[in-house]
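Residue numbers (the UniProt record's numbering), protein chains in the order written: chain A, 1 to 211; chain B, 1 to 151.
One or more of the hints may lead you astray.
Only pairs whose alpha carbons sit at most 35 Å apart, straight line, appear in this in silico DSBU-like list of lysine-lysine [unchecked claim]:
hint : chain 1 : residue 1 : chain 2 : residue 2
1    : B       : K99       : A       : K143
2    : B       : K73       : A       : K143
3    : B       : K99       : A       : K199
4    : B       : K73       : A       : K106
5    : B       : K73       : A       : K116
6    : B       : K134      : B       : K96
7    : A       : K102      : B       : K73
Hints listed in this document are in silico derivations from the structure and should not be mistaken for laboratory results.
Quick caveat, the model's predicted, so the values are computed rather than measured.
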Amino acid sequence: MNNDNPAKEKGLLSGWWAVLTKPTSKWSMGGLLLVGVILGVVGWGGFNWALEITNTETFCLTCHEMEQNVYREYRGTIHDANRSGVRATCPDCHVPRPWFYKIIRKIQASNEILHKILGSIDTREKFEGKRIELAKHVWEAMKSTDSRECRNCHNFGAFDLTRQSLRARNRHSEAEQQGKTCIDCHKGIAHQLPAGAFKAERELNESQPKQ
Amino acid sequence: MKTKIKAIALALALALGIGVIGVAAVAADVKSLRPNAADQADSPPAIYKVMEGNRHERAYRQQPPLVPHPTDKYEIDVKVNQCLRCHEWPYSDQEKAPKISDLHYIDRQGVRQDTVNGNRYFCKQCHVPQADAKPLVENKFQPATLNTNLR
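Looking at chain A on its own, in the form it has when it is part of the complex:
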């Protein structure tokens, strides 16, 4: 029996290989192409559909770590409720829009699933203990991409400085001249800050001086 099995499996595999490599004489080229196109559309569409489902606020909140910590802090902030009702939800800031970077981020998210299973931040105390580390990850990522996700909506070029308050106007034109990026100043706008946030901010700004 032991001798038979490998041979049988090999036979099965080689059979499939033969089918895949041998030109077909049964089906027409057009028929094969049609089936291929349909399968491709369904497969690619299904993949994107599933990917977009994981890119919604509802999906993020299925983890209680997200709902009970960061989401509750986000409620009531300017990105959640404002005069015009335009909202920026979790993926708008935390998932890149360009396809390549989005896929990279989605692959990185498998690490988050691992820590969900390990229960790394399953209580408020554990979350607060890790908050500075987690916040630093986000700040570093935003700085390295020149706040790409912010700029999906907030475009320096489209700022009407005359409609901003005096303080905002001065600071924004200054920041543009100095080549600063959004996250350099706008930390803790949608979530609470970790203890030691200002020290970490100084270290971050000094470690990676922008050209």
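Since the structure of chain A is already known, use the hints to place chain B on it.
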């Protein structure tokens, strides 16, 4: 018998009618704290915006300076105090924000510290923004700057 019933019915009708008119007359006179009728929705309260931009003048010498911007979104807790991010040294120089008075660094023993003392940590207890709202009741307060005895 029939006339008696009719008379009672008439008397009742008159009495009720007068009663209804009376109640209506009284209701028109009553002014309650809630201006709308009980079966109508309350009018929403007025919305006052925080006055932004120019620094507020102090009304008297010992007055804690008032804040010329909204502060409601600033986090002040055991982890961070977001007011200090602009008003504490060295940030106040970088952000061109008014510096916290040095008196806020003195602890209860009178010893000067390097960080804002815990007694003075909760900025919003004394330093408040101002809403552009009318006073709820009349008052005769006059800022000391109008005092003619000023030297």
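Do the hints match the structure? See the list:
no., hint, verdict
1, K99/B / K143/A, "holds (29 Å)"
2, K73/B / K143/A, "holds (24 Å)"
3, K99/B / K199/A, "holds (19 Å)"
4, K73/B / K106/A, "holds (32 Å)"
5, K73/B / K116/A, "holds (30 Å)"
6, K134/B / K96/B, "holds (32 Å)"
7, K102/A / K73/B, "holds (31 Å)"
The earlier numbered hints are all upheld by this structure, with none contradicted.
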